[in-house]
Amino acid sequence: MSGDYKFDTLSLHAGHVPDERHGSRAVPIHQTTSYVFQNTEHAAALYNQELGGHLYTRISNPTVAVLEQRVAALEGGVAATATASGMAALSTALLVLCSQGDHIVSSSRMYGANINLLENTLPRFGITTSFIDPSDLDGIEKAIQPNTKMIFGEVIGNPGLDIMDVEAVGKIAAKAGIPLMLDCTFNTPWLLKPFELGANLIVHSLTKWIGGHGVAIGGAVVDGGNFDWGQNDKFPTIAGPHYAMDGINFYEEFGPAAFTAKFRAEGMYNFGPSLSPTNAFHILQGMETLPLRMQRHMDNTAKMLEFLCGHDAVAWVRHPNLADHPGHELAKRMMPRGAGSIIVFGLKGGRDAGRTFIESVELASHLANVGDAKTLVIHPASTTHSHISAEAMIEGGLSDDMIRLSVGLEDFDDIKADFEMGFRAAAKFTKTKD
Amino acid sequence: MKHQLLDTQIHIATGGRSFANDGEALVLLHGSGQNHLTWVLQSRYFAYRGFQVLAPDFPGHGLSGGMPLDSIEDMADWVIALLDSLDVKTACLVGHSQGCLVAIDAAARYPERVSRLGLIAGALAIPVNDQLLTMSDKALSKAISVMTSWGHGPMAHMHDNTQPGHSFLGYGNRLMASNHANALRHDLTACNNYSGGKAAAAKITQPVLCILAASDRMTPVKFGTAMADSLINSERVIMTGAGHMLPAERPAEVNDALRRFLAR
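Note that the protein sequences, when read in sequence, are chains A and B.
For the first sequence, numbering that gives the first Met the number 0 assigns the number 0 to the initial residue and increments by one for each residue that follows.
For the second sequence, numbering that gives the first Met the number 0 assigns the number 0 to the initial residue and increments by one for each residue that follows.
Check each hint, because a few of them may be wrong.
Unchecked claim - Straight line, CA to CA, 27 Å or less: simulated DSSO-like cross-link-like pairs of lysine-lysine:
{"#": "1", "chain 1": "B", "residue 1": "LYS1", "chain 2": "A", "residue 2": "LYS170"}
{"#": "2", "chain 1": "A", "residue 1": "LYS174", "chain 2": "B", "residue 2": "LYS197"}
{"#": "3", "chain 1": "A", "residue 1": "LYS302", "chain 2": "A", "residue 2": "LYS233"}
{"#": "4", "chain 1": "A", "residue 1": "LYS233", "chain 2": "A", "residue 2": "LYS141"}
{"#": "5", "chain 1": "A", "residue 1": "LYS373", "chain 2": "A", "residue 2": "LYS331"}
{"#": "6", "chain 1": "A", "residue 1": "LYS233", "chain 2": "B", "residue 2": "LYS1"}
{"#": "7", "chain 1": "A", "residue 1": "LYS5", "chain 2": "B", "residue 2": "LYS141"}
{"#": "8", "chain 1": "B", "residue 1": "LYS141", "chain 2": "A", "residue 2": "LYS174"}
{"#": "9", "chain 1": "A", "residue 1": "LYS141", "chain 2": "A", "residue 2": "LYS174"}
{"#": "10", "chain 1": "A", "residue 1": "LYS5", "chain 2": "B", "residue 2": "LYS1"}
{"#": "11", "chain 1": "A", "residue 1": "LYS302", "chain 2": "A", "residue 2": "LYS331"}
{"#": "12", "chain 1": "A", "residue 1": "LYS192", "chain 2": "B", "residue 2": "LYS137"}
{"#": "13", "chain 1": "A", "residue 1": "LYS170", "chain 2": "B", "residue 2": "LYS137"}
{"#": "14", "chain 1": "A", "residue 1": "LYS373", "chain 2": "A", "residue 2": "LYS192"}
{"#": "15", "chain 1": "A", "residue 1": "LYS174", "chain 2": "A", "residue 2": "LYS192"}
{"#": "16", "chain 1": "A", "residue 1": "LYS192", "chain 2": "B", "residue 2": "LYS141"}
{"#": "17", "chain 1": "A", "residue 1": "LYS331", "chain 2": "A", "residue 2": "LYS427"}
Stated by the list, open to error - Reference listing, derived: stretches of chain B covered by chain A, where coverage requires no fewer than 3 residues with Cβ under 8 Å from a Cβ of chain A:
{"#": "18", "region": "11-17"}
{"#": "19", "region": "27-40"}
{"#": "20", "region": "164-171"}
{"#": "21", "region": "180-187"}
Stated by the list, open to error - Derived CB-CB ranges, DEER-like:
{"#": "22", "chain 1": "A", "residue 1": "PRO145", "chain 2": "B", "residue 2": "GLU252", "range": "17 to 25 Å"}
{"#": "23", "chain 1": "B", "residue 1": "ARG16", "chain 2": "A", "residue 2": "GLY176", "range": "28 to 36 Å"}
{"#": "24", "chain 1": "A", "residue 1": "ASP7", "chain 2": "B", "residue 2": "GLU252", "range": "55 to 63 Å"}
{"#": "25", "chain 1": "A", "residue 1": "SER381", "chain 2": "B", "residue 2": "ARG16", "range": "55 to 63 Å"}
{"#": "26", "chain 1": "A", "residue 1": "THR39", "chain 2": "B", "residue 2": "GLY22", "range": "19 to 27 Å"}
{"#": "27", "chain 1": "B", "residue 1": "ASP83", "chain 2": "A", "residue 2": "GLY239", "range": "25 to 33 Å"}
{"#": "28", "chain 1": "A", "residue 1": "LEU291", "chain 2": "B", "residue 2": "ALA198", "range": "39 to 47 Å"}
{"#": "29", "chain 1": "B", "residue 1": "ARG216", "chain 2": "A", "residue 2": "HIS327", "range": "43 to 51 Å"}
{"#": "30", "chain 1": "B", "residue 1": "ASP69", "chain 2": "A", "residue 2": "ASP3", "range": "45 to 53 Å"}
{"#": "31", "chain 1": "A", "residue 1": "ARG20", "chain 2": "B", "residue 2": "ARG259", "range": "18 to 26 Å"}
Read the hints as simulated data drawn from the structure, not as lab findings.
Quick reminder that beta carbons are idealized off the backbone N, C-alpha and C, glycines included.
Let's have the full structure, built from the sequences with the hints guiding it.
See the structure below:
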């Protein structure tokens with residue numbers, strides 16, 4: 000070992016060394032609920048977090064742990080905890096950090112389920128949220144209240160593709176003594192490592208680019224280990240006595256990994272959002288090729304942007320790598336390899352043209368996912384974001400004609416031909432409108 | 000627990016149990032640029048097995064206030080002052096790396112207070128190269144990164160951790176960054192300047208357990224073996240495939256070895 004392994008190597012290896020007994024090169028699937036204890040003392044030690052190890056798959060699992068350690072390694076975090084989905088990661092992280100009466104400052108331009116959770120579900124438990132345009136740094140700072148426990152947002156907003164200035168928002172959070180938690184699903188650690196810019200916690204939907212194959216749902220919460228939970232009295236269940244384990248103080252006992260220790264002891268233990276070992280295995284297979292796929296995603300996205308921007312049927316195109324995007328310069332600075340492989344666009348024939356296009360393409364799949372190796376299209380206003388209010392849609396930058404495109408890895412000429420076919424089918428609406 | 004020692008409020012990890020001054024204390028001494036979190040998988044483990052665990056943050060480290068101490072001898076005196084302040088008569092000192100130098104120095108000069116020693120990834124001298132010393136002063140984050148990298152063995156570099164989901168390197172970097180900005184420079188300078196290890200070892204008659212790592216790049220095993228050879232009442236365990244950060248890299252094996260030793 001001459002130095003720390005690089006990203007591509009970690010994508011293939013991190014978290015796993017072949018065991019001496021079997022030598023399995025691939026990560027074994029430990030499809031088990033439970034683990035035989037050596038004796039009663041060993042069992043008690045595991046429950047009491049005296050030692051690392053596994054006691055029940057709801058809490059942790061060897062296959063899932065490989066995935067967690069790989070995600071932590073790629074993000075440069077101190078630890079990661081995998082969950083059954085990205086929403087499980089987010090909701091559990093929020094409940095581990097927040098209590099009744101607490102407040103969150105959040106980006107207003109996010110995935111519909113993220114907004115729903117904060118706007119409609121958490122208020123039932125006494126946790127409220129102020130939604131702010133992620134580019135409004137002054138608004139974010141002013142929205143912080145004495146009971147605010149975090150700032151939350153997406154680096155690349157879904158589906159509006161608004162860019163959050165991680166470094167600037169991180170400084171606002173640090174000044175207020177609260178963590179910055181980011182949903183980094185759209186950027187992946189290949190495009191951006193937000194801990195290096197001051198983010199403190201990261202949630203991922205591993206279902207998307209990190210898994211990449213569209214075969215397994217999963218999520219993760221990554222702990223940057225760079226937030227001082229004891230700097231103020233805002234987090235008494237981390238930096239004060241907790242009900243578990245004789246009043247354990249996670250901050251004093253686990254230091255930089257205090258949040259993860261609590262997430263494991265309370266979030267996984269009480270809420271049980273565990274990822275199945277088989278799904279962890281599937282996601283790991285995807286992670287092995289993450290750098291290769293991301294490069295291809297970026298290459299095809301660049302070609303697609305050129306194609307769409309020059310096409311007569313297209314009314315508008317939005318992507319942070321386009322010069323007219325309000326976050327263009329910021330995206331270039333934060334993510335020089337590219338600002339993700341989601342493009343949103345509208346056709347000149349409006350919503351009807353978009354619907355016809357989506358129903359006419361054959362290679363691109365019409366479904367509710369992004370980040371798959373295959374090209375995907377959807378109409379967010381009637382699907383992924385249909386459960387949020389009309390006001391939230393406007394606030395989130397969603398228009399009725401918006402098509403969300405997740406650029407895949409196919410030969411670009413084939414995607415282009417498929418889109419040309421869709422545009423031809425939608426052309427009748429363009430003519431009607433004209 | 001918070002504790003006032005001399006004019007400084009310090010933090011002492013007690014493994015999640017209240018410290019009851021009941022016989023021999025088990026004092027865990029961290030290494031250069033580290034703090035009580037070196038012992039995250041030892042302090043709780045031994046506290047819940049009836050040991051009176053004290054894992055202090057030296058001044059300027061972890062959650063302790065004050066400025067870092069300047070010499071190994073000062074650190075040894077500080078440990079004895081800590082025992083005095085808690086009315087602890089005798090203690091088993093378990094050191095890691097720099098903590099071994101402190102433990103050896105204290106055992107030689109205060110034999111009536113130190114009942115036995117556990118020396119993990121240690122040596123009788125820990126010279127520090129000029130480049131690292133300069134880095135610790137002028138480019139702290141780089142020094143931390145280099146030490147975290149050197150300090151961990153091959154399994155740790157693969158992030159293969161007994162604690163589910165944890166990254167050795169990520170955790171190691173953040174742990175060191177949480178100390179006072181001068182802590183690492185003071186520690187490395189203290190190690191580099193300490194020349195009393197050999198003479199101190201010659202005076203030590205207490206039982207000693209040396210736990211060494213075959214892949215240790217910070218205090219290579221040959222120096223650990225020489226340390227064990229110079230201690231007349233010592234035994235050694237060498238763990239293959241592990242690096243310098245043995246307490247984290249091989250917690251179960253370290254705990255087992257220490258426990259057998261302490262059971263005598």
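Hints, one by one, checked against the model:
1. Only pairs whose Cα atoms come within 27 Å are accepted, and LYS1/B paired with LYS170/A is rejected, the gap being roughly 30 Å.
2. At roughly 49 Å between alpha-carbon atoms, LYS174/A and LYS197/B are farther apart than 27 Å, so this suggested pair is violated.
3. The suggested pairing of LYS302/A with LYS233/A is violated, with an alpha-carbon distance near 48 Å, which exceeds 27 Å.
4. Annotation: proposed proximity of LYS233/A to LYS141/A holds, straight-line Cα distance about 18 Å (limit 27 Å).
5. Simply put, LYS373/A and LYS331/A have alpha-carbon atoms about 25 Å apart, close enough for the 27 Å limit, and the pair holds.
6. Annotation: proposed proximity of LYS233/A to LYS1/B holds, straight-line Cα distance about 20 Å (limit 27 Å).
7. Straight-line distance between C-alpha atoms of LYS5/A and LYS141/B comes to about 17 Å, which keeps the hinted pair within the 27 Å bound.
8. Of the supplied pair hints, the one linking LYS141/B and LYS174/A holds, its CA atoms being roughly 25 Å apart against a limit of 27 Å.
9. Proposed proximity of LYS141/A and LYS174/A is supported: the alpha carbons are some 12 Å apart, at most 27 Å.
10. With a C-alpha separation of about 41 Å, the suggested pair LYS5/A and LYS1/B falls outside the 27 Å cut-off, and the hint is violated.
11. At roughly 17 Å between alpha-carbon atoms, LYS302/A and LYS331/A fall within 27 Å of each other, so this suggested pair holds.
12. At most 27 Å may separate the alpha-carbon atoms for a hinted pair to count; LYS192/A and LYS137/B meet this at roughly 25 Å.
13. Taken as a hint, the LYS170/A and LYS137/B pair is honoured in the structure, with Cα atoms around 24 Å apart against an allowance of 27 Å.
14. Simply put, LYS373/A and LYS192/A have alpha-carbon atoms about 25 Å apart, close enough for the 27 Å limit, and the pair holds.
15. Distance check on the hinted pair: LYS174/A and LYS192/A sit about 21 Å apart at the alpha-carbon level, within 27 Å; holds.
16. For a cut-off of 27 Å, the pair hint linking LYS192/A to LYS141/B stands: about 18 Å separates their Cα positions.
17. As the CA atoms of LYS331/A and LYS427/A are separated by approximately 38 Å, the hinted pair breaks the 27 Å bound.
18. Residue count for the region 11-17 of chain B with a Cβ under 8 Å from a Cβ of chain A: 3. That meets the three needed, and the coverage hint holds.
19. Check on the region 27-40 of chain B: 4 of its residues sit with their Cβ under 8 Å from a Cβ of chain A, so the three-residue criterion for coverage holds.
20. Check on the region 164-171 of chain B: 6 of its residues sit with their Cβ under 8 Å from a Cβ of chain A, so the three-residue criterion for coverage holds.
21. Coverage of the region 180-187 of chain B by chain A is violated [criterion: at least 3 residues with CB-CB distance below 8 Å; count 0].
22. For the pair PRO145/A and GLU252/B, the beta carbons lie near 48 Å from each other, so the given range of 17 to 25 Å is not met.
23. The supplied range of 28 to 36 Å is met by ARG16/B and GLY176/A, whose beta-carbon atoms lie about 30 Å from each other.
24. Checked against the hint of 55 to 63 Å, the C-beta distance between ASP7/A and GLU252/B comes to roughly 32 Å, which is inconsistent with it.
25. Separated by about 58 Å at the C-beta atoms, SER381/A and ARG16/B satisfy the suggested range of 55 to 63 Å.
26. Hint check: THR39/A to GLY22/B, Cβ distance near 25 Å, so the stated range 19 to 27 Å holds.
27. Separation of ASP83/B from GLY239/A is about 30 Å and conforms to the stated range, judged on CB atoms against 25 to 33 Å.
28. Roughly 59 Å separates the CB atoms of LEU291/A and ALA198/B, a value that falls outside the hinted 39 to 47 Å.
29. Checking the proposed 43 to 51 Å range against ARG216/B and HIS327/A shows it holds: the Cβ atoms sit about 46 Å from each other.
30. About 32 Å separates the C-beta atoms of ASP69/B and ASP3/A, a value inconsistent with the hinted range of 45 to 53 Å.
31. The beta-carbon spacing between ARG20/A and ARG259/B, approximately 25 Å, falls within the hinted interval of 18 to 26 Å.
Violated hints for the displayed structure, listed by number in ascending order: 1, 2, 3, 10, 17, 21, 22, 24, 28, 30.
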